[in-house]
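Quick mapping for you: the protein sequence lines, in order, are chains W and A. For what it's worth, the numbering used here labels the leading residue of the first sequence as 1, then goes sequentially. For what it's worth, the numbering used here labels the leading residue of the second sequence as 96, then goes sequentially.
These are calculated hints, taken from the structure and not from any lab test. We put the beta carbon where it would ideally sit given N, CA and C, even for glycine. Among the clues, some could well be false.
[Claimed, not checked] Cross-link-like lysine-lysine pairs, in silico, DSSO-like; alpha carbons within 27 angstroms at most:
#1 Lys-133(A) x Lys-357(A)
#2 Lys-70(W) x Lys-327(A)
#3 Lys-61(W) x Lys-471(A)
[Unchecked claim] Partial list, derived from the structure: chain A residues whose beta carbon lies under 7 angstroms from chain W:
#4 Tyr-287
#5 Leu-430
#6 Met-433
#7 Gln-447
#8 Lys-468
#9 Lys-477
#10 Gly-503
#11 Lys-506
#12 Pro-509
#13 Ser-511
[Said to hold, decoys possible] Reference listing, derived: stretches of chain A covered by chain W, where coverage requires no fewer than 3 residues with Cβ under 8 angstroms from a Cβ of chain W:
#14 400-406
#15 416-427
#16 437-445
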Amino acid sequence: MSIDLKTIKHISKLSRISVDEQKAEKLAGDLNSIFEFIEKLNELNTDKVEPLTSVAETTLKFRSDEVQSKNIREQIIKNSPEDNDDFFVVPKVVE
Amino acid sequence: MSNITSLSLTSLVNNIKNKKLSSEEITKAFVDRSEKSKELNSYISEDFSNAIDKAKKFDQNPNLNLKLPGIPMAVKDLFCTQNIRTTAGSKILENFIPTYESTVTQNIWNEGAILLGKLNCDEFAMGSSNETSFFGNVQNPIDKGLVPGGSSGGSAAAVSGQLTPVTIGTDTGGSIRQPASFTGIVGLKPTYGSCSRYGIVAFASSLDQAGPMAQNVEDCALLQEVISSYDKKDSTSIDFKRNEYSKELTKDIKGKKIGIPKEYRIDGMPKEIEDLWQKGIQYVKDCGAEIIDISLPNTSYALPTYYIVAPAEASSNLARYDGVKYGFRANGENLIDMYEKTRSEGFGAEVQRRIMIGTYVLSSGYYDAYYLKAQKVRKLIKNDFDEAYKKVDAILTPSTPSSAFKIGEKKDDPVSMYLNDIFTVPVNLAGLPAISIPAGHDASGYPLGLQIIGKVFKEQEILNIAYAMEEKISFKNKITDWWIK
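The shape of chain W in the complex, shown without the other chains:
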């Protein structure tokens, strides 16, 4: 399998990372060598294996659905690149 520039453009769009031509070529080279390395997994037959999603041998605990943090609007807004005290501000999305 080979990752071409078209695929790189597609992944770039999905991951919301802009990629110019030069960067795309470098990425295609890197990703191809990494995937060549990953392809080794195809040597294994895993048809009857259950996928492992968590190593923690415990069942998730239930907890009551209660608000733990109250009145933290200021804390939440504090690190935003742009806000108007009450809301995050983003470039205009509705014409």
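Place chain A on chain W using the hints.
Just chain A now, kept in the frame of chain W:
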């Protein structure tokens, strides 16, 4: 006392308890040495004057019942610290000031320790040499121009170079153990679920664990005792009976069964690593333990599995960096353009590479072939360990396939960089605890480490084995202070 910074944590604690040293004296000694050690580039953010103020305050009314009374400590810059900048080594978090504290660091301050500053690391903990940090690479105190390993490279260099008595790092695929091995110190990656992940900048959530890094095993045990706790704020934190690791530490490992996995004898492994391993085997035998040959047949599939699972989780975790809620923002013509430019300018090359691998293996049409496949192989790898642990109590391997390499040597070859973690990654995939201890030197005098892997929740067991081996090895780190003018 002329050389405070060369004392172990345990000795510093005793000196404070016996009132032979004050917190201020100790804190000033580490601040002073840190100030003289800028060339190592261990710190991203310093909090020295606050640290000295806190030390003075501690001395006025010292609580000597605490486990870390008035002990100064720098921590990896992946732990959120309230009102102290936390960058994860990334431009995208260059100005991020958390409004809350990670559970692990809170546990440390609750026992009386004092923050010195935040230590350099690979960007979002993605790297094995600390070269992916936005804040520049870290020098290994062992020799100029040598990487300290990664991703907890600043942490390893700070302990090895005596800028902090002990520290904490995080380990997703070897990020505590590999730098510990490269800098001649001890590093423990605890069982998954032992230390809370709350307030740690997330990389790969099913693999990430915080852990202690120290000059010796006893210090490592003490710090593990402090940081490990059940935490409701982390849904994968596990409620199990934790030992008092430092108090229960013993060198008596007679009759313990230690497994030697034949698959770790990889092609092209340097002879000095093989020799070190043989020496390690002899040491545990000398301690009265029994050596048993075991097989972990799927070992060679661990790295390819890791390089699907970890980037997949990272691509999801790092989706939150969008230039809206916090962190860096680049200007764009519209919302989407802003997202794309923010992430392209805010993330470094390795992080972008991993986000893209992760996005690809989770994308429509490829999920089954890559991500699901990797989760199945992960199960096989865990089964290997389960099978082995029917016969043995712990497993002994080298920590890394080589000693520390030169800065720049592997930077442009991602796969060769990834191979660094070949002995450490299987442990994270299976959620096991493992410790790296310094065990010898290569021909250049660079340190080499051995790894002891335990059963889940059996940190005490591997700490004991490490403690017994440490005495036999009597390792001396060759630090020349070359960076101090």
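Tested hints:
| no. | hint | in the structure |
| --- | --- | --- |
| 1 | Lys-133(A) x Lys-357(A) | violated (43 angstroms) |
| 2 | Lys-70(W) x Lys-327(A) | holds (18 angstroms) |
| 3 | Lys-61(W) x Lys-471(A) | holds (25 angstroms) |
| 4 | Tyr-287 | holds (5 angstroms) |
| 5 | Leu-430 | holds (5 angstroms) |
| 6 | Met-433 | holds (5 angstroms) |
| 7 | Gln-447 | holds (6 angstroms) |
| 8 | Lys-468 | holds (6 angstroms) |
| 9 | Lys-477 | holds (6 angstroms) |
| 10 | Gly-503 | violated (17 angstroms) |
| 11 | Lys-506 | violated (12 angstroms) |
| 12 | Pro-509 | holds (6 angstroms) |
| 13 | Ser-511 | violated (10 angstroms) |
| 14 | 400-406 | holds (count 3) |
| 15 | 416-427 | holds (count 9) |
| 16 | 437-445 | holds (count 3) |
Of the numbered hints given earlier, the model fails hints 1, 10, 11, 13; all others are met.
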